[in-house]
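Here are the chains, one letter per residue:
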Amino acid sequence: MPEIKTQDFSAASIAAINDPKLRRALDRVASGFEVARLDRVAEATPEVWEDWRQQARDIKEHTIEHLDYYLDLLYTNVTAAGGHLHFAKDADQANEIVAHIAQTRGVKVATKSKSMVSEELGLNPVLEAVGVEVWETDLGEYIIQLAEETPSHLVAPALHKSKEDVAELFSEKLGIPYDEDIYHMAATAREVLRDKFMEADLGISGANFIVAETGTLVIITNEGNGRLSTSAPRIHIGITGMEKVIPSMQDLSIFLRLLPQSATGQRITSYVSMITGPRRSDDEDGPEEFHLVLVDNGRSNMLADPALREALYCIRCGACLNICPIYARVGGHAYGWVYPGPIGAVVTPMLVGLKRAKELPQASSLCGACREVCPIKIDIPRMLLDLRKKTAESPDKNLRSAPRIERVLASLYVRLMSGPKLLGMAIRFGRLLQKTERIIPFFSPMTKDGKWIRKAPLPLLSRWTRSRDLPTLPKQTFHDIWNKELSRDDS
Amino acid sequence: MTQNANISADLYVTCVIDQLYPEVGVSVVKVLRRLGVTVGFPKEQTCCGQPVYNSGFSKDARTLAKRVLQQFRDSEYVVVPSGSCAATLRVFYLELFAEDPDLLVQAKALSAKTYEFSEFLVNVLKVEDASACGATHQGTVTYHPSCHLMRELGVKSEPKKLLSTVPGLEEKELAGAEICCGFGGTFSVKFPHISEGMVADKIANVQASGADTLVACDMSCLMNMAGALNRQGSDIKVRHLAQILDSESD
Amino acid sequence: MTTPDSLDSLGTPKAEFLAMVRQALGREDIPPAELYPRLTDTVAELEDQATQIRQRLEESLPALLDKLADMAAKGGWNVHRATGTEDAVGYIESIVRDSGTANVVRSAQDVFDQVPVDSALTNLGAKVTVVLRDDETPREVLREEIRQSGVGITGADYALAGTGSLIILPRKGLSRLVSLVPPVHIALVRAQDLLETMDDLFLLRRLEYHQRGGEMGSYLNFITGPSRTADIEMTIVEGVHGPKEVHMVILG
Chain A
1 MPEIKTQDFS
11 AASIAAINDP
21 KLRRALDRVA
31 SGFEVARLDR
41 VAEATPEVWE
51 DWRQQARDIK
61 EHTIEHLDYY
71 LDLLYTNVTA
81 AGGHLHFAKD
91 ADQANEIVAH
101 IAQTRGVKVA
111 TKSKSMVSEE
121 LGLNPVLEAV
131 GVEVWETDLG
141 EYIIQLAEET
151 PSHLVAPALH
161 KSKEDVAELF
171 SEKLGIPYDE
181 DIYHMAATAR
191 EVLRDKFMEA
201 DLGISGANFI
211 VAETGTLVII
221 TNEGNGRLST
231 SAPRIHIGIT
241 GMEKVIPSMQ
251 DLSIFLRLLP
261 QSATGQRITS
271 YVSMITGPRR
281 SDDEDGPEEF
291 HLVLVDNGRS
301 NMLADPALRE
311 ALYCIRCGAC
321 LNICPIYARV
331 GGHAYGWVYP
341 GPIGAVVTPM
351 LVGLKRAKEL
361 PQASSLCGAC
371 REVCPIKIDI
381 PRMLLDLRKK
391 TAESPDKNLR
401 SAPRIERVLA
411 SLYVRLMSGP
421 KLLGMAIRFG
431 RLLQKTERII
441 PFFSPMTKDG
451 KWIRKAPLPL
461 LSRWTRSRDL
471 PTLPKQTFHD
481 IWNKELSRDD
491 S
Chain B
1 MTQNANISAD
11 LYVTCVIDQL
21 YPEVGVSVVK
31 VLRRLGVTVG
41 FPKEQTCCGQ
51 PVYNSGFSKD
61 ARTLAKRVLQ
71 QFRDSEYVVV
81 PSGSCAATLR
91 VFYLELFAED
101 PDLLVQAKAL
111 SAKTYEFSEF
121 LVNVLKVEDA
131 SACGATHQGT
141 VTYHPSCHLM
151 RELGVKSEPK
161 KLLSTVPGLE
171 EKELAGAEIC
181 CGFGGTFSVK
191 FPHISEGMVA
201 DKIANVQASG
211 ADTLVACDMS
221 CLMNMAGALN
231 RQGSDIKVRH
241 LAQILDSESD
Chain C
1 MTTPDSLDSL
11 GTPKAEFLAM
21 VRQALGREDI
31 PPAELYPRLT
41 DTVAELEDQA
51 TQIRQRLEES
61 LPALLDKLAD
71 MAAKGGWNVH
81 RATGTEDAVG
91 YIESIVRDSG
101 TANVVRSAQD
111 VFDQVPVDSA
121 LTNLGAKVTV
131 VLRDDETPRE
141 VLREEIRQSG
151 VGITGADYAL
161 AGTGSLIILP
171 RKGLSRLVSL
181 VPPVHIALVR
191 AQDLLETMDD
201 LFLLRRLEYH
211 QRGGEMGSYL
221 NFITGPSRTA
231 DIEMTIVEGV
241 HGPKEVHMVI
251 LG
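Protein chains in written order, with my numbering: chain A, 1 to 491; chain B, 1 to 250; chain C, 1 to 252.
Careful: at least some of the hints might be erroneous.
Covered stretches of chain B, going by a simulated chain A footprint (3 or more residues, C-beta under 8 Å) [to be verified]: (1) 66-80; (2) 112-125.
Not everything, but these chain A residues come out facing chain B in the computed CB check (under 7 Å) [said to hold, decoys possible]: (3) E172; (4) A363; (5) L366; (6) A410; (7) L412; (8) M417; (9) A426; (10) R466; (11) S467; (12) T477.
Here are the simulated DSSO-like pairs of lysine-lysine, each with C-alpha atoms no more than 30 Å apart in a straight line [what the hints assert, rightly or not]: (13) A:K421 / B:K66; (14) C:K74 / A:K163; (15) B:K59 / A:K355; (16) B:K59 / B:K190; (17) A:K377 / B:K190.
If you're looking for bench data, these hints aren't it; they were derived computationally from the structure. Beta carbons: idealized from backbone N, C-alpha and C, even for Gly.
Start from the sequences, fold in the hints, and give me the full structure.
What follows is the structure in structure tokens.
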């Protein structure tokens, strides 16, 4: 598994916010993908779009509820098509399977088209350790492979990099002259990887959907590397999470609309590749062997929890990332692991452990924009609340990890709010403190009109007053005014 | 005005208004009375529990929620001048009490009669024109639709309808209106560096709108934006919708 | 882990894995088969739907051809509506000439009987290789030809008017690489190839699959426009790993 840095979220997010280059990169995303997605919604009309979302959700809900049935059906059909389906309970087992196939088949070179799950597994180093040269071929993945970084977005892995970054990277790692021209850089990648595609013994892909009815793996791509990796080598291994299965090929219509349109605003990607087993004997070309590795790696924890099960409906479109105001400010790396953004704030804790990643579900204002753009209507805010609840009060010590001070404050708050009397006393005390400030004006600087506090000396409030003024307590509460003036109806 | 004489509504004033912006509560009461509603105020009310609920302390939240269930048990209507608190009473209490059949019944009953202030005016009192509240306003206003109001309660058109019928009021479009202002309750102090950035973007849009007044239906959002505007030395006034409708408050 | 030569069941045995899934779902056994309508479609029912599709297509063919041309152009194809076979050949000639290549590869599909491109292109000075393996031309040789070529020409198995997509089903005589490796791809689409929606396409595929007792070939590709990326600064670049230029010649 790749290094887990979820516990550094606070520090990482502060660093991200102070990085002007990342700011510019993230601004490009917000104005790009989401605007295009809205065009598609308008084109479909909001009513039709809503109908599609509900259909997609119904299919996913049904499939996940009957996941065992569909995995069984899938197994039968992949096998009948001449392929092999392997079940991997965790990352180690998945990596073992791929390494085993590579070794026993004498694989020296492998080309990879985009697979987030393979990132999750940390597959590349495992293959390299058994002597396989691994080439990422998706341009964004290729860039971060050269940079030895992790992806920062589900769909556009290198979006945090400026063209200057990429030019420098290519110049350094490929030994070519520095050239910022984006077209030239894409052409360089094409040239470098061309030979590798043809030379590769093994092609590794992810899967956007797997069709149980026919045993078909579906990938949607734009660059052509997905087609090349799954066509040119003699072995193709598809790796994905067990939740990607859908019942019937007919179901693809709805998903092939919703996924590209939600992800980048494209009506459809340049390519949709549907793979059913290895080449047939008189095909002109194609792999001789087809393997599908389906991974659990913690997904069954989400499956087992009715509150979190719908996280498995995700089709990894990234629309939630593109709309999230938190993601827009901190970018993908701050989340500290493979899956960033709103869906990442649910999936990452469930896959790496809630205790370790407990900040992720907290770092949200629960605005609900993610739920609004999700093509599968996944209720992310509900799941964030559920994870917060587990952190605060789960009977399971592995999950309950809210700092003591928070629990104490919560109890104090409830005590304070248990009746107007105690609350009234607290308010009067607060007003007293304010009066003190006027006499001894070092305590908490107020504006001259007495309406605002510039700098609150108290632990949490000081974080507010770093950048915002805090209103002072007025002379009366609403309760006071009601009791004095309003309780009689004079209107 | 006798058209609504038969309607009695109990006010859930919210702790932010109660303790920090009582004048907003006063405007709410005045507007409702002008529309003929008999307004009650269960005096034991404090907090709906939202801050502790959002922090995951659902046991603690239930303690406070039970008080609300009890205090508003006999209300005909419950009017809440806050999208997030109304959402708490109407939506989140159903989840809080999902495992407790008896309290769930009460929560469902409360949910069925809880309305945010603007939706109560438009959908229950059938206010077509804000001048029925005696509203007038000289100046330009820009409206921020708060997240829970929009997305948990589905209240989008009601505030706009009311604003658009206030005589003398000119509305200016707010760019990026639907983007969160960055408050999010404890989020604003748990992740201040992110929250600050969000409110900075929001008030930049508010300032760019050219309006002299910022209006919303949630004082917590307005407190957040007002605090940032004031720190910048902005002259832009910040008002709850009820205050706009209660022109006497100007 | 099983013995090295057996690739049948690496990893967790199916029974164990499915039991784990069932346990997570809180169930004891696998639910019955009749739970999803589409999976209980019979061949007869699929054939019926296919007939209805064909009928609909026949009735709206001219409009569909227009729609295909429109959506394909929106999707990034260079669309040419050929007035006849001569016109089609002429257009293909001009593309090959402009590409400056001396090597053309094409699939062995029957559309080329209708649209004879070979002699025209040979007259231009280009070598035309038909990618169809036989005893004299093994795969490696053909692959090399494909790599060296500047233009790849195929027919279509289907063309989806709704999305502007070419649908290709690689098989004997139709290589996966001809429409992928050369920087220019030309596709010949005939009226009979037309379908309207993805639903139409998938219905026909499922019909074939079930008619043939669970077989429909190893591969299917939708092609909608040139190869693209926006991975560097969200700037769109065409012709990354796939063709930079794609032409759809519509006959009819």
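Q: Verify the proposed pairing of B:K59 with B:K190, using a straight-line Cα cut of 30 Å.
A: Since the Cα atoms of B:K59 and B:K190 sit roughly 21 Å apart, the hinted pair holds (cutoff 30 Å).
**Q.** Status of the A:A426 interface restraint (C-beta, 7 Å, chain B)
**A.** 9 Å, violated
Q) Given the proposed pairing of C:K74 with A:K163, does the C-alpha separation stay at or below 30 Å? A) 28 Å, holds
(Q) Hint validation: A:A410 versus chain B, beta carbon distance must be below 7 Å. Holds or violated? (A) At about 4 Å, which falls below the 7 Å cut-off, the nearest Cβ of chain B leaves the hint on A:A410 intact, so it holds.
Q. Once the shortest beta carbon distance from A:M417 to chain B is found, is it less than 7 Å?
A. Hint holds; A:M417 Cβ to chain B Cβ min 4 Å, cut 7 Å.
Q: Please count how many residues of the segment 112-125 of chain B have a CB within 8 Å of a CB from chain A and say whether that reaches 3.
A: violated (count 0)
Q: Return the status of the interface hint for A:L366: holds when the least beta-carbon distance to chain B is below 7 Å, violated otherwise.
A: 6 Å, holds
Q: Return the status of the interface hint for A:E172: holds when the least beta-carbon distance to chain B is below 7 Å, violated otherwise.
A: 32 Å, violated
Q: Count the residues of the segment 66-80 of chain B whose CB lies closer than 8 Å to any CB of chain A, then report whether that count reaches three.
A: violated (count 1)
Q) Between B:K59 and A:K355, is the straight-line Cα distance small enough, at 30 Å or below? A) 20 Å, holds
Q. Does A:S467 pass the interface hint, meaning its C-beta sits closer than 7 Å to a C-beta of chain B?
A. 4 Å, holds
Q) Holds or violated: is the Cβ of A:R466 closer than 7 Å to a Cβ in chain B? A) Status holds, d = 6 Å.
Taken one by one, the earlier hints fail for this structure at numbers 1, 2, 3, 7 and 9, listed in ascending order.
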